[in-house]
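S.K.: Residues per chain are reported as follows:
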Amino acid sequence: MTTFFSRSPFAGFMGGKKRMPDGVWIKCDGCNQAIYRNELDENRQVCPMCGHHYRISARRRIEIVVDEGSFAETHTDIRSADPLQFKVGKETYAQRIERAREASGIDEALLTGFAAIEGQRAVIGAMDAQFIMASMGSAVGERFCRAAADAIADRLCFVCFAASGGARMQEGILALMQMAKTVDSIRQMNEAGVPFISVLTDATTGGVYASFASLGDVTLAEPGANIGFAGKRLIEGALKVKIPEGFQTSEYQYKNGFIDRIVDRAELRPTLAKLIQYLTPAT
Amino acid sequence: MAERKSGHSGAVETILPFERHLLELEDKIRSSDSEEERVKLERELQKERESVYPNLSAWQRVQLARHAMRPRMLDYTSRIFDDVFELHGDRALGDDAAMVTGIARFQGRTVMIVGQQKGVSTEEKVSRNFGMAHPEGYRKARRLFKMAERLRLPVISFVDTPAAHPGIEAEQHGQGPAIAQSILQCLNTRTPTMAAVLGEGGSGGALAIAVCDYVAMFEYAIYVICPPERCAEILWRDVEKKDMAASALRVTAGDLQDLGVIDAVMPEPGGGAHRNPDAAAQVLATEIDRFLLGCQQGRWNIERRRRKFQRMGVWYEELANVREAVD
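Chains A and B supply the protein sequences, listed in that same order. The opening residue of the first sequence carries number 1 in my numbering; numbering runs sequentially from there. The opening residue of the second sequence carries number 1001 in my numbering; numbering runs sequentially from there.
These aren't lab readings, by the way, just hints derived from the structure by calculation. It should be emphasised that the depicted structure is a prediction, and the values quoted were computed from it without experimental measurement. Idealized CB from N, CA, C, for every residue including glycine. Just so you know, not all the hints are guaranteed correct.
Pair ranges (Cβ atoms, derived) [said to hold, decoys possible]:
id : chain 1 : residue 1 : chain 2 : residue 2 : range
1  : B       : R1290     : A       : A266      : 52 to 62 Å
2  : A       : N256      : B       : H1088     : 22 to 32 Å
3  : B       : R1299     : A       : N190      : 19 to 29 Å
4  : B       : P1017     : A       : K240      : 26 to 36 Å
5  : A       : R146      : B       : E1044     : 51 to 61 Å
6  : A       : G257      : B       : R1307     : 25 to 35 Å
Turn these sequences into a full structure, and let the hints steer you where they fit.
M.R.: Encoded structure:
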């Protein structure tokens, strides 16, 4: 699994090339135009010139999508343990988690909770790439499953914003097993007739893409997101071929039949509200 | 790794460094005329094995699991089953030779089989894509599981793959969704299922057919979240740290049993399954027999399987709610 990222895994992904650099003016990754930072913030981190969608944190995601003040976070007490006593150099996995907490301001790579979108109640999940590339370990798996159980208990839609480098290596095989565990939660929602809406954002790859993220009743994606199973660099290395332009983008996956609709960030709220309204089971 | 052309089966005979001395002893035993010397050498060989194998490093065990001479799925099925009727194609796009599916007969009973075949000769390896399945393969597996349920037959899955194929076409045809749907099908199949990890259980590509009631793993097989080389490259930023990564990832059968991920470890003949494929096949046949006996006794049921996977993982949970209740 674990199609972690091209370029240096931490530096490129976490550091800031794609996320917001400091400074008043920045050069857009999409169109190379200078954009005023405040303008970008106000525009939900989407370039006003070219529409390039920057990655956003889970907190910002929730702020953008749900009704103000409606988010009630759940399962915050579920945290990563260190079952393998994993250590890279001097840094233990527990220390790595601590570092991720400081960098991201959240406790795990997936936040869950109850919320309303344009008045429509739902269970929401949002992954955060700043937290060890939003990789899925036991805590992420458990949080996902509890949120799915909440959706089943209250007969609400479960809307999950996926973004992930894959299964979390520091938890070894137990992280891989979270794929089976989360898929079982999908099965439970399927049987209960509770809708699962999967929103794929930049980047959704590896074990998360190969489990719950691609099993939505409805699958949406943000424009230009990287979505795929194996990392591009891995494919290039294995096949010694040049990857075609636009490979593994939202648009590519849409064309190939794996996504229902590509939705601009500005349109997420009304789109999701409509879907939740149409699909939430009658009680 | 030394290589010499082998006279049989078209496989390139490969000798790992820690195997060399053992093979020399075996050669000596074979060519010895004196009964007395043979007994002495046999004893020496036994002692040597006992000192080498329990002390293999994690990386050496990875090498054993990937051993070029290691028996493959079809080496086992041809020995274990009275007959195999292979089923081809995913009924949508094509037939993936890396994934083998079929109907098999075991001691007068019918079972459904599915698994990855890495290939033995160079030609077969290429035609089977080294056991790396495309989405067509996972959809073929899904077809097999569905058919087994329809016809109320148990499934035996043979896991031996480095990974699901990483490629342009595989992505185009939905490798991620195909694996996810295969896992979902495993959890939805209402007949008993068993998975045997033969050599390499490579991440999602392996898991896709391994979410089963009973998971047994050969002693020198590995089951990994990602190849140790790749883990070393990503976390240590140095491929050469693969030994360290292999040991940190806890990839051996014993590790996986301790972590509650597999149900049984199948002991291998001295020196590994490739030193005596018949004996290894016998061990696997015994395990299959045990599984099928469990079927008759109603030991497996789908809810138990689902609970088993629901419980996997280790996390920390503050008992905030409990504490509140007590207060």
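S.K.: Hint by hint, say whether it matches the structure.
M.R.: Comparing the hints with the structure gives:
no., hint, verdict
1, B:R1290 x A:A266: 52 to 62 Å, "holds (59 Å)"
2, A:N256 x B:H1088: 22 to 32 Å, "holds (24 Å)"
3, B:R1299 x A:N190: 19 to 29 Å, "holds (27 Å)"
4, B:P1017 x A:K240: 26 to 36 Å, "holds (29 Å)"
5, A:R146 x B:E1044: 51 to 61 Å, "holds (58 Å)"
6, A:G257 x B:R1307: 25 to 35 Å, "holds (34 Å)"
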